[in-house]
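Peer 1: Residue numbers (my numbering), protein chains in the order written: chain W, 1 to 273; chain L, 1001 to 1299.
Read the hints as simulated data drawn from the structure, not as lab findings.
Every value quoted in this text rests on a predicted model; they were computed, and no experiment measured them.
Treat the hints loosely; a few may be bogus.
[What the hints assert, rightly or not] Now the in silico label distances, taken between C-beta atoms and shown as ranges: (1) W:102 / L:1012: 19 to 25 Å; (2) L:1256 / W:22: 23 to 29 Å; (3) W:225 / L:1299: 24 to 30 Å; (4) L:1110 / W:42: 44 to 50 Å; (5) L:1078 / W:18: 36 to 42 Å; (6) W:27 / L:1061: 38 to 44 Å; (7) W:224 / L:1248: 28 to 34 Å; (8) W:13 / L:1110: 55 to 61 Å; (9) L:1065 / W:154: 43 to 49 Å; (10) W:251 / L:1262: 18 to 24 Å; (11) L:1202 / W:114: 52 to 58 Å; (12) W:258 / L:1232: 29 to 35 Å; (13) W:56 / L:1078: 33 to 39 Å; (14) L:1061 / W:57: 53 to 59 Å.
[Claimed, not checked] Short, incomplete list of chain L residues facing chain W, as computed with Cβ under 10 Å: (15) 1033; (16) 1077; (17) 1102; (18) 1157; (19) 1172; (20) 1181; (21) 1211; (22) 1216.
Cβ atoms here follow ideal geometry from the backbone N, Cα and C, with glycine treated the same way.
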Amino acid sequence: MGFFTDTSICIGCKACEVACKEWNQLQGDPAKFTADSYDNTGQLDAQNWRHVQFIEQVPDNNGVVFTPTPIAGGQAWLMMSDVCKHCKNASCMEVCPTNALMRTEYDTVYIQNDVCNGCRNCISACPYGVIGFNEEKGIAQKCTLCYDRLQGGLQPACAKACPTESIKFGYIDDLHTAADARLANLQKQGYAKAQLYGRDEKVYGGLNAFFLLMDKPEVYKLPNEANATLPSRNNLPGYVGGVATAVVALIGGLLAFRNGRMNGNNNNTTTPH
Amino acid sequence: MPPAEHFASPPQWEWWIVGYLFFGGIAGGSYALGTLLRFGGDARDVRAANLAFITSFLALVPCPIFLTLDLGQPLLLWHMLVDTSPGGGLAFKPDSPMSLGSWALLAFGLFSFVSFLGAIAEVGSFRARSAIARILGGGIGLVWNAIGTVFGLFICGYTGVLLAVSNQPVWSDAGWALGGMFLASALAGSTALLLLLARSRRDVDSDTGVRLETADRYFVILETILIVVFLVTLAIAGTIGKVLGVWIVLWLVVIIGLAAPIAMVSRGAARRWPPVAAPLLALLGVLALRALVIFSAQI
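Just chain W, with the same shape it has in the complex (with noise of 0.2 Å):
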């Protein structure tokens, strides 16, 4: 199971975000003035599961002429309501020393409150900055894609509240099938940066929450495909650098404190009595 979220009939209200915390009781962040967007949530993080980016690509008025630009196949604004992405390959699954982060039966990654003990290592390792360390509970927080509801036979919360139906939940097969038939349209229409994001298995081996984007993945802060990278790419070049750095250390010790012997030696054989 999982998301398809189309962007391009996003329209920023929010009711997503709205949906989540009411059904997973978050509190939400203190509200905050960020000076530069209308969007006042910030961040994907403990308190906020799905977070509606707004992409504001408007170029500055500088006091002379105001002529709207068109960046982004004639849209200077975006809007992307993002969640965590239930990698199949999942980054915050690989580092997690407590076994909390956990894959379900729906294919979904979730974390087990009782097993995590707060150590924080897949806020580190997750490529997306999804998840957020909920400082009441001491533990790390994110999106269970509403794991209970789905165990009721219900919809995500978020998908069920989307009047504009950007956020669609279903089998991933049958989203697979509607993200392509919307992409060849928008394609048709001359949108000719519209793309998916995680259809395939070129990032992270496939997301279970994939997006149709009308710009490129990093406008929306998303990795591109060079920089979607697993932490345990570092996992044998880091052992195989500290193991070549142990031995050239020893031999350096050995050599300074068997020369030092050896000059001991010579000393004491020197040394008249």
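Model the placement of chain L on the given structure of chain W, informed by the hints.
Peer 2: Relative to the frame of chain W, chain L by itself:
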């Protein structure tokens, strides 16, 4: 090559973790030094070796405390070792450096503690336990210290691998260099600390101090090379800017810490500076390097 782009949130690892990286490095490095002195040096180095084993265990004591205090759920530290999720068993994940490190810390604790007992028996604090000292003085001791050194060196370096096995800027960009850099830095810091302690005790042979100074210079050279490699990898990744700017102050402390043991080779400098200056500056540099790596990536 396009610069690496990172959108990961910082894990908010702060001073407890910096403290662990520092003391863990000193504990592991001191143990390795103790082994080198015991089996690479001669009879005159035994007292310094004992001092190293004692230092190793004392430096290790705060490590689990720091790690526990850093957890959001400190009482669930044991979840690092026991899997309490359905299915259960031991929580051992070779792909997770934090999991490996937890087990290594436990194992190293045992080796460090026994060697500590052996060392204090030899220096006469606990004569009743001198049997341990006798056992550790022979072939079994060699094997024991060798295995302990493997764990000790692992403790020195795995923290760098742990940071690299992430998607954080700086840490993940450094790739293979971070583990080696931490290890070399830990050995240099441990040697500096041992020099500091050795100079405060009359029963440590002065020749041992000279050998330690030589070893220290080797470790400092190795550390310097790896710091350069670290910076080059960041430059290639396009994230070197993260460790510059305000962090220049900490870099200065690191550079002074690296330069001090080398500068002391010069007789003029050795006369002008008190003998404890170079080891103290070196230790400060080791701490600064860890603070720099931890904080620069997260801000």
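Peer 1: Note whether the CB distance of residue 56 of chain W and residue 1078 of chain L lies within 33 to 39 Å or breaks it.
Peer 2: 48 Å, violated
Peer 1: Quick check on a hinted range of 43 to 49 Å for residue 1065 of chain L and residue 154 of chain W, using CB atoms only.
Peer 2: 45 Å, holds
Peer 1: Per the hint of 28 to 34 Å, is the separation of the Cβ atoms of residue 224 of chain W and residue 1248 of chain L within bounds?
Peer 2: 32 Å, holds
Peer 1: Hint residue 1211 of chain L vs chain W: min CB-CB distance below 10 Å?
Peer 2: 3 Å, holds
Peer 1: Assuming the hint says 44 to 50 Å, is it satisfied by the Cβ distance from residue 1110 of chain L to residue 42 of chain W or not?
Peer 2: 46 Å, holds
Peer 1: Was the hint right that residue 1181 of chain L lines chain W, CB cutoff 10 Å?
Peer 2: 8 Å, holds
Peer 1: Close enough to count: is the Cβ of residue 1077 of chain L nearer than 10 Å to one in chain W?
Peer 2: 7 Å, holds
Peer 1: Hint check: is the beta carbon of residue 1216 of chain L less than 10 Å from a beta carbon of chain W?
Peer 2: At about 8 Å, which falls below the 10 Å cut-off, the nearest Cβ of chain W leaves the hint on residue 1216 of chain L intact, so it holds.
Peer 1: Checking hints one by one. Is residue 1172 of chain L an interface residue toward chain W, by the C-beta closer than 10 Å rule?
Peer 2: Result: holds, 6 Å to nearest chain W Cβ.
Peer 1: Taking the Cβ atom of residue 251 of chain W and the Cβ atom of residue 1262 of chain L, is their distance within the range 18 to 24 Å?
Peer 2: 20 Å, holds
Peer 1: Taking the beta carbons of residue 1256 of chain L and residue 22 of chain W, is their distance inside 23 to 29 Å?
Peer 2: 56 Å Cβ-Cβ, so the 23 to 29 Å window is violated.
Peer 1: If you take the shortest Cβ to Cβ gap from residue 1102 of chain L to chain W, is it below 10 Å?
Peer 2: Because about 6 Å separates residue 1102 of chain L from the closest Cβ in chain W, which is inside the 10 Å limit, the hint holds.
Against the hints set out earlier in the document, violations occur for numbers 2 and 13.
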